[in-house]
Amino acid sequence: MTTGKDRVMGMNRTSMCKWFVPAVAFVIGLVVAAAELGSNASPWQAAVAFVIVAGYALGLRLLQSRSETASLLSGLPVDERWESINNRALALAAEAIAIFLLAVFVVTEFGGGDAMPYAMSIAAFGVAYLGGILWYRWRL
Amino acid sequence: MSEVRRATGERGLVVTAAKVAVTVVVMLVWHAFFLFAMIVMSLVALRALMPRSETVSLLLGAPVDERWESISTRAWALGGQVVFVGLLAALVAMQVWQVQGWSGDPTPYALVGAALATAYLGAVLWYRWRQ
Chain R
5 MTTGKDRVMG
15 MNRTSMCKWF
25 VPAVAFVIGL
35 VVAAAELGSN
45 ASPWQAAVAF
55 VIVAGYALGL
65 RLLQSRSETA
75 SLLSGLPVDE
85 RWESINNRAL
95 ALAAEAIAIF
105 LLAVFVVTEF
115 GGGDAMPYAM
125 SIAAFGVAYL
135 GGILWYRWRL
Chain H
14 MSEVRRATGE
24 RGLVVTAAKV
34 AVTVVVMLVW
44 HAFFLFAMIV
54 MSLVALRALM
64 PRSETVSLLL
74 GAPVDERWES
84 ISTRAWALGG
94 QVVFVGLLAA
104 LVAMQVWQVQ
114 GWSGDPTPYA
124 LVGAALATAY
134 LGAVLWYRWR
144 Q
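Protein sequence lines, in the order shown, are assigned to chains R and H.
Heads up: the first sequence begins at 5 in our numbering, then just goes up one per residue.
Heads up: the second sequence begins at 14 in our numbering, then just goes up one per residue.
Everything labelled a hint here was simulated from the structure, so no lab data went into it.
Any given hint might turn out to be false.
Below, a sample of chain R positions facing chain H; criterion: calculated Cβ distance under 8 angstroms [claimed, not checked]: (1) ARG92; (2) ALA97; (3) GLU99; (4) ILE103; (5) PHE104; (6) LEU105; (7) PRO121; (8) TYR140.
Distance windows between CB atoms, simulated [unchecked claim]: (9) H:GLY135 / R:ALA45: 25 to 35 angstroms; (10) R:SER69 / H:VAL69: 23 to 33 angstroms; (11) R:ASP118 / H:PHE47: 15 to 25 angstroms; (12) H:PHE46 / R:GLY115: 15 to 25 angstroms; (13) R:LEU144 / H:LEU124: 31 to 41 angstroms; (14) R:TRP139 / H:LYS32: 45 to 55 angstroms; (15) H:VAL53 / R:ALA27: 40 to 50 angstroms; (16) R:GLN49 / H:ASP118: 11 to 21 angstroms; (17) R:SER71 / H:MET40: 56 to 66 angstroms.
All C-beta atoms in this analysis are idealised placements derived from N, C-alpha and C, irrespective of residue type, glycine included.
Here chain R stands alone, though its shape is the one from the complex:
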């Protein structure tokens, strides 16, 4: 049986979830702007960097209740169909990026550039994917 206290806690949790992505984007925006300022960028350039990141998140928050897509992009899919869309989209993007990373790694290696960032990204991808298989194999 759901009590009034449970309902209030549930509402608080939902509103916290709604503000989670904007809050994270706000912090990332601040860090990026601080780094821009530190690397001899003008305050104007730092402000633009902050506004791009924070503005995107704030825009999503404002559109959350009106658009299912915005709600999904904020990490709150409205129903099972949107959860399925999210999972498939993430999987498709991950597969595309894995191929892209491999191609860029090979091209950079041949070109004599620094391929380490791509190699590390591929390694992280491989570990996360294999870990994901083991985790979901155990959980599902």
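Based on the hints, put chain H in the right spot on chain R.
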């Protein structure tokens, strides 16, 4: 006499340079061959294990049923999310390192992060239209 010695010395240099070049080429070819052999052997081993293991079957791109298809989709999704968070962290770390005056180029991380975000947004629109 000295001309003969100089000619012998020059020939020695040429022979040494040729030996070094051949050694480097052989090492590179051997290294490439070794890597190629490792990849082929691991694929052959996985193929041999395929009928016995559902996990190996998935790793070779042939999930045995719907449960394993779901595991594959979720594992890819998890991998994508982990890499995206890692890329963001690396991007911010490189920016901060640049501030500190250490070496490090954030551009590769920014490019791959942007490509991943674009691919995700495109896929959301695609599946929204298709489902």
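**Asked** Can you list which hints this structure breaks, lowest number first?
**Response** Of the numbered hints, 4 and 10 do not hold.
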